[in-house]
Amino acid sequence: MTSALEIEGLHKSFGATEVLKGVTLSVAEHEAVCLIGASGSGKSTLLRCINLLEPIDAGRIVVAGRDLTAPGVDVNDVRKEIGIVFQAFNLFPHMTVLANVTLGPRKALGVPRAQAEAEAVELLARFGLAARRDEYPDRLSGGQQQRVAIIRALAMKPRLLLLDEVTSALDPELVGEVLELVRELAEGGMTMVVATHEMGFARELATRVYFLDAGRILEHGPPEQIFSSPKEPRTQQFLARIVAAGRL
Amino acid sequence: MKIFCIAEPIILALALVVAVVRGIPGPVFAPLRVLAIAYADLFRGVPTILVILMLGLGMPALGVSWIPTSLTFWGVVSLVLVYTAYVSEVYRAGLESVHPSQEAAARSLGLTRLQGLRYVIVPQAVRRVVPPLLNDFIGLQKDTALVSVIGAVEALQQASIDAAATFNFTSYLAAAVLFVAITVPLTRLTDWLLARERTRRQAAAVAV
Numbered sequence: 066m067t068s069a070l071e072i073e074g075l076h077k078s079f080g081a082t083e084v085l086k087g088v089t090l091s092v093a094e095h096e097a098v099c100l101i102g103a104s105g106s107g108k109s110t111l112l113r114c115i116n117l118l119e120p121i122d123a124g125r126i127v128v129a130g131r132d133l134t135a136p137g138v139d140v141n142d143v144r145k146e147i148g149i150v151f152q153a154f155n156l157f158p159h160m161t162v163l164a165n166v167t168l169g170p171r172k173a174l175g176v177p178r179a180q181a182e183a184e185a186v187e188l189l190a191r192f193g194l195a196a197r198r199d200e201y202p203d204r205l206s207g208g209q210q211q212r213v214a215i216i217r218a219l220a221m222k223p224r225l226l227l228l229d230e231v232t233s234a235l236d237p238e239l240v241g242e243v244l245e246l247v248r249e250l251a252e253g254g255m256t257m258v259v260a261t262h263e264m265g266f267a268r269e270l271a272t273r274v275y276f277l278d279a280g281r282i283l284e285h286g287p288p289e290q291i292f293s294s295p296k297e298p299r300t301q302q303f304l305a306r307i308v309a310a311g312r313l
Numbered sequence: 460m461k462i463f464c465i466a467e468p469i470i471l472a473l474a475l476v477v478a479v480v481r482g483i484p485g486p487v488f489a490p491l492r493v494l495a496i497a498y499a500d501l502f503r504g505v506p507t508i509l510v511i512l513m514l515g516l517g518m519p520a521l522g523v524s525w526i527p528t529s530l531t532f533w534g535v536v537s538l539v540l541v542y543t544a545y546v547s548e549v550y551r552a553g554l555e556s557v558h559p560s561q562e563a564a565a566r567s568l569g570l571t572r573l574q575g576l577r578y579v580i581v582p583q584a585v586r587r588v589v590p591p592l593l594n595d596f597i598g599l600q601k602d603t604a605l606v607s608v609i610g611a612v613e614a615l616q617q618a619s620i621d622a623a624a625t626f627n628f629t630s631y632l633a634a635a636v637l638f639v640a641i642t643v644p645l646t647r648l649t650d651w652l653l654a655r656e657r658t659r660r661q662a663a664a665v666a667v
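In order, the protein sequence lines correspond to chains A and B. Residues in the first sequence are numbered consecutively from 66, following the numbering used here. Residues in the second sequence are numbered consecutively from 460, following the numbering used here.
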């Protein structure tokens, strides 16, 4: 298997607070890796670093053999290949669904409008949102908004997709439709790094699970191993709390 | 009305440039930022009438052949200088009101900073500041009347002083300096308070 993403010794601080304390992680092509861990453990920051939305302090990030942390790397070029979907959707409220989805391809990739729109309509149709193409985001449910946000990232044809707790801002009854879409993408072979609090989903979706605790990877392995027989006491504690909360 | 119609579009465009320049991050752009801040502080600090008097009477009095002597011309220039400073602050408020996650979303699609501004940030910012922009439109329309003052003052001055050549603008300048001395510290205080508020909000957001 070729490596889609390699991270080595990644450090990131916000002021005096060190959020990532030497993270090392690897993702193979077509893998769906899940990041689990408590809020504040650094999952979101890690994803934002991969997409270069946050400058890193030390370490290396290599995507498909290309060192993103080398000097002179064009961040815009990097981001065209790495999609990210945010917890709060971050759709552009002044644009229709279609305009949201076509903005990246048209302006960053230079795809002609007609082609970008045809591709966007196809994607929207594939995920059951064709009828919403001319709506503004405010008129959609949270689940629909997040699906549009995922489609917006997919429209860039990324080689790597980062999902940052994409269901955390949703009402419980809307979580399912978003997870269903993510599941379809994983089955389609999309390489993904998924930060999530949905343990049941992580267990079912992930090829491998990384447990992040206070800015460090404490444990990683296949989901059966992490969820059924975690080695680290911190992982056991974390999972016990999740089970107690009825989330696994 | 003619002055208003010429000045307003120039103000709207220039003010956006000043506001955007003020928001460019990075040490490389520090001189540009300082320039934009100094400009906005200065021209918000000086009463419009003083700018009109200084430019409208002062510029033609310099007697340099290529400098226009038209009162309308200097009236427009004065109003553009003053109102661009005000309107740039309105735009700035609008730009800062757009949540940083919008820029993150734009940049994550591979858009450049400028594309992010053009397609995502500025359209949202401008929509939000339409009411205060209208406010400044009204102010501008009223202040165009000030330009006509030049003619009257000129007559007055000519009556009391022998020749136009001996015009002394030191008093205007001194008054302007006094105004600036009061308004600039106030502006800095406001900025400091806003920055402190912002830092607190960010800290709260990180702590969640």
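Accuracy of the hints is not assured; some may be wrong.
[Said to hold, decoys possible] Cut-off 25 Å, straight-line C-alpha distance, at most; resulting in silico cross-link-like pairs (SDA-like, lysine to any residue):
| id | chain 1 | residue 1 | chain 2 | residue 2 |
| --- | --- | --- | --- | --- |
| 1 | A | 172 | B | 555 |
| 2 | A | 222 | B | 597 |
| 3 | A | 222 | A | 143 |
| 4 | A | 172 | B | 557 |
| 5 | A | 172 | B | 582 |
[What the hints assert, rightly or not] If we take Cβ atoms under 8 Å as the criterion, some of the chain B residues that face chain A in the derived model are:
| id | residue |
| --- | --- |
| 6 | 556 |
| 7 | 566 |
| 8 | 567 |
| 9 | 571 |
| 10 | 579 |
| 11 | 583 |
| 12 | 640 |
| 13 | 644 |
| 14 | 646 |
| 15 | 649 |
| 16 | 653 |
These are calculated hints, taken from the structure and not from any lab test. All C-beta atoms, glycine included, are put in the ideal place defined by N, C-alpha and C.
Hint check results:
With a CA separation close to 24 Å, the supplied pair residue 172 (chain A) and residue 555 (chain B) stays within the 25 Å bound. Under the criterion of a C-alpha separation no larger than 25 Å, the hint pairing residue 222 (chain A) with residue 597 (chain B) is inconsistent with the structure, at around 49 Å. The hinted pair formed by residue 222 (chain A) and residue 143 (chain A) meets the criterion: a straight-line CA distance of about 13 Å does not exceed 25 Å. For the proposed pair residue 172 (chain A) and residue 557 (chain B), the alpha carbon gap of about 21 Å is at most 25 Å, so the pair holds.
Annotation: proposed proximity of residue 172 (chain A) to residue 582 (chain B) holds, straight-line Cα distance about 16 Å (limit 25 Å). Interface restraint check: residue 556 (chain B) against chain A, minimum CB-CB distance 13 Å, threshold 8 Å, status violated. The interface hint given for residue 566 (chain B) is met, as the beta carbon of that residue sits about 7 Å from the closest beta carbon of chain A, less than 8 Å. Checking residue 567 (chain B) against chain A by beta carbon gives a least distance of about 5 Å; that is within 8 Å, so the hint holds.
A hinted interface residue such as residue 571 (chain B) counts as satisfied when its beta carbon comes closer than 8 Å to some beta carbon of chain A; here the least separation is about 6 Å, so the hint holds. Because the closest C-beta pair between residue 579 (chain B) and chain A is about 6 Å apart, less than 8 Å, the hint holds. For residue 583 (chain B), the interface hint holds, the least distance from its beta-carbon to any beta-carbon of chain A being 5 Å, beneath 8 Å. At its closest, the beta carbon of residue 640 (chain B) sits 35 Å from a beta carbon of chain A; the interface hint therefore is violated under the 8 Å criterion.
With a least beta-carbon distance of about 29 Å to chain A, the hint placing residue 644 (chain B) at the interface is violated under the 8 Å criterion. Checking residue 646 (chain B) against chain A: minimum C-beta separation of about 27 Å lies over 8 Å; hint violated. Checking residue 649 (chain B) against chain A: minimum C-beta separation of about 25 Å lies over 8 Å; hint violated. Given the 8 Å rule on beta carbons, the hint for residue 653 (chain B) is violated: about 20 Å separates it from the nearest Cβ of chain A.
Consistency note: the structure conflicts with the earlier hints numbered 2, 6, 12, 13, 14, 15, 16.
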